[in-house]
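*Asks:* The lines below spell out each chain.
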Amino acid sequence: MLFQSIKIAFKALLLNKTRSFLTMLGIIIGITAVIVLISAGQGAQELIVNQVKGIGSNLLFVLPGGSGKSKFSPPASAQGIIVTSLNDQDVKFLRNKTLAPDVEYVSPEVRGQFTLSYNNQEELGAVAGEDENYGSVRNVPLKSGEWFSKADVDGMSQVAILGSTISDDLFGVEDPVGKVIKIKQVSFRVVGVAKAKGVGAFGVDQDGQVIVPVSTAQKLLLGINYYNNIAVQVRSESVIPQATDEVTKVLLSNHKISDPDKADFSVKNPADALSLLTNITSILTIFLGAIAGISLLVGGIGIMNIMLVSVTERTREIGLRKAIGARRKDILTQFLIEAVVLTVFGGVVGIILGYLGALGIAALGNWTPIVSISSILLAFGVCTLFGLVFGIYPANKASKLSPMEALRYE
Amino acid sequence: MALIKMEHVRKVYNNGEDNEVAALKDINLEIQAGEFVAVMGASGSGKSTLMHVIGFLDSASSGKYFFDNQEITELPADALSEIRNQKVGFVFQAFNLLARTSAIDNVALPMLYARKYTLAQMAERSKEMLVQVGLESRLNHHPSELSGGQQQRVAIARALVNNPAVIFADEPTGNLDSRSTEEVMGIFKKLNDEGRTLIFVTHEEEVAAYAKRIIRLKDGEIVSDILNTIRK
Numbered sequence: 000m001l002f003q004s005i006k007i008a009f010k011a012l013l014l015n016k017t018r019s020f021l022t023m024l025g026i027i028i029g030i031t032a033v034i035v036l037i038s039a040g041q042g043a044q045e046l047i048v049n050q051v052k053g054i055g056s057n058l059l060f061v062l063p064g065g066s067g068k069s070k071f072s073p074p075a076s077a078q079g080i081i082v083t084s085l086n087d088q089d090v091k092f093l094r095n096k097t098l099a100p101d102v103e104y105v106s107p108e109v110r111g112q113f114t115l116s117y118n119n120q121e122e123l124g125a126v127a128g129e130d131e132n133y134g135s136v137r138n139v140p141l142k143s144g145e146w147f148s149k150a151d152v153d154g155m156s157q158v159a160i161l162g163s164t165i166s167d168d169l170f171g172v173e174d175p176v177g178k179v180i181k182i183k184q185v186s187f188r189v190v191g192v193a194k195a196k197g198v199g200a201f202g203v204d205q206d207g208q209v210i211v212p213v214s215t216a217q218k219l220l221l222g223i224n225y226y227n228n229i230a231v232q233v234r235s236e237s238v239i240p241q242a243t244d245e246v247t248k249v250l251l252s253n254h255k256i257s258d259p260d261k262a263d264f265s266v267k268n269p270a271d272a273l274s275l276l277t278n279i280t281s282i283l284t285i286f287l288g289a290i291a292g293i294s295l296l297v298g299g300i301g302i303m304n305i306m307l308v309s310v311t312e313r314t315r316e317i318g319l320r321k322a323i324g325a326r327r328k329d330i331l332t333q334f335l336i337e338a339v340v341l342t343v344f345g346g347v348v349g350i351i352l353g354y355l356g357a358l359g360i361a362a363l364g365n366w367t368p369i370v371s372i373s374s375i376l377l378a379f380g381v382c383t384l385f386g387l388v389f390g391i392y393p394a395n396k397a398s399k400l401s402p403m404e405a406l407r408y409e
Numbered sequence: 000m001a002l003i004k005m006e007h008v009r010k011v012y013n014n015g016e017d018n019e020v021a022a023l024k025d026i027n028l029e030i031q032a033g034e035f036v037a038v039m040g041a042s043g044s045g046k047s048t049l050m051h052v053i054g055f056l057d058s059a060s061s062g063k064y065f066f067d068n069q070e071i072t073e074l075p076a077d078a079l080s081e082i083r084n085q086k087v088g089f090v091f092q093a094f095n096l097l098a099r100t101s102a103i104d105n106v107a108l109p110m111l112y113a114r115k116y117t118l119a120q121m122a123e124r125s126k127e128m129l130v131q132v133g134l135e136s137r138l139n140h141h142p143s144e145l146s147g148g149q150q151q152r153v154a155i156a157r158a159l160v161n162n163p164a165v166i167f168a169d170e171p172t173g174n175l176d177s178r179s180t181e182e183v184m185g186i187f188k189k190l191n192d193e194g195r196t197l198i199f200v201t202h203e204e205e206v207a208a209y210a211k212r213i214i215r216l217k218d219g220e221i222v223s224d225i226l227n228t229i230r231k
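Each protein sequence line maps, in turn, to chains C and X.
Quick note: the first sequence uses numbering that gives the first Met the number 0, first residue 0, plus one each step.
Quick note: the second sequence uses numbering that gives the first Met the number 0, first residue 0, plus one each step.
It is worth saying that the hints were derived from the structure and are not from the lab.
A quick note: this is a predicted structure, and the numbers were derived from the prediction, not measured.
You may find that some hints are simply not true.
Distance ranges between label pairs, derived from CB positions [what the hints assert, rightly or not]:
#1 X:162 x C:372: 49 to 57 Å
#2 X:12 x C:289: 28 to 36 Å
#3 X:193 x C:24: 48 to 56 Å
#4 X:226 x C:5: 46 to 54 Å
#5 X:13 x C:355: 54 to 62 Å
#6 X:14 x C:355: 30 to 38 Å
Note that beta-carbon positions come from the ideal geometry of N, C-alpha and C, so glycine has one too.
Work the whole structure out from these sequences, hints included.
*Replies:* As structure tokens, this is what we get:
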């Protein structure tokens, strides 16, 4: 009997292909939209969070210039003001285990932009002055060559490590290790090439920079004796608060400042930035969720509309079927199967399209596609519910009419 | 006992409202198995309403209706569906065939709801019925590809497919030309000759002339009930 009911339902669906297709289209669009939107929201959030995490979650940054009381306001140096408050003495004290027991590595940095040249090839590139620990602290593996040593930093050696794009631009396929390049007319020997990393957090292009010993950069390239920032790696993520205090105390006493609010430096922690960003992205997710919810509602209303119209317009058919002996149960089974077939077919197509759409958006937005089972279930569940309820409700109403009332229905 | 027996049957539309209409007032009627009855009357006389109540397509507002010794007014909906499916066949003025469905599938429809035939049996019997009404060359045509007379013959085949004892027809020739009318009435006459009970509504004297008994209605009441002596 079920087989025959299915047969009746399929026949009825095939009788009006346009109507069946349009009904399915409503379901397809609803489900596709919801899956794509939710996936886009989650993908963007993952991307942002991962970028921040990529900096290293056990790092503190000491930036020159105070930022007042607020945790999130930028220090003076970030506003283009040159602050020369971070010096050699600071680095020395921070490396002192008795003064700052939770600090593992201290890595001072200077930055500048110079003309880089090799033979006749010239490029404008960012130059970062770092110490020998930079590679391990900031997780910069080398493709070839070796990191410069502590001796190189102490002795102001003219050695350089190239980012992968700079290496490609200056040398092409040639191996740069051992070659001599010029930075601002000063000769540097290339000792290593970093692996490609892509654009990191806050838009720093790690592949487009050249790393040289920090002392060399200070004296030979920039002619300064202060640092642009100091990266501090702490023992573990859990001691970040203590380490922040230690670093702050060391620097305050070294700078002879008693009021922490008047500090001429700022200690920033990527975790703070992460919590701020998580805040932003969760707002983004709520926003996208709202859009998804609205598309779900619109999709649902679309399904409701076409179901109500198509079933209502078939009241005469229901009347005829009853007149020749269909029971109410037969009518309901037929319309239930029809609604199930429409929503399941439409749902499957919608899920496939939604998945493909999510892949497409992820490719555009350059993030990993995330299509969660819950978003599929939500989209499918709501659309199916609308499809079933509004497919059966009018059929149920019509099946209660006497055959004559249904046949007379206009 | 009579096949059909009605006692004080009343049918009121919009019951209790200002525009209340009594389509049938106190109908008392007996029809024996094997009869060939025409129900006549002007528009609004209640003849179609009577037909729908007799044919289980609509229920009476009050009164008693016995069919085959069963009190219909007390039966549950599913039992009525079974009677409509098994014991009677209905032919409509507007044919009421499923659009975009072949003649043979239209005829098979009541067998689907009988829930006891295989698909092969349904196809075979539907074909037989269509042959019987002279449409063996139109098995796979859709209603839109058939003339009115042919569509009505498909509808008759559909009414016959479950081999019912009674055929009801509501203005079966109302939408047909005179040639098709003759064909359809010829089929009815043949069915009656084979022993089936036929009850039909018409407002045309010529069509009523095929019947053995003519019942006339006016304003919801039976005004005459005579045997047709000048039968066509």
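*Asks:* If a hint holds in the structure, say so; if it does not, say that too.
*Replies:* Tested hints:
no.	hint	verdict
1	X:162 x C:372: 49 to 57 Å	55 Å, holds
2	X:12 x C:289: 28 to 36 Å	50 Å, violated
3	X:193 x C:24: 48 to 56 Å	52 Å, holds
4	X:226 x C:5: 46 to 54 Å	51 Å, holds
5	X:13 x C:355: 54 to 62 Å	56 Å, holds
6	X:14 x C:355: 30 to 38 Å	58 Å, violated
This entry does not satisfy hints 2 and 6, going by the numbered hints stated previously.
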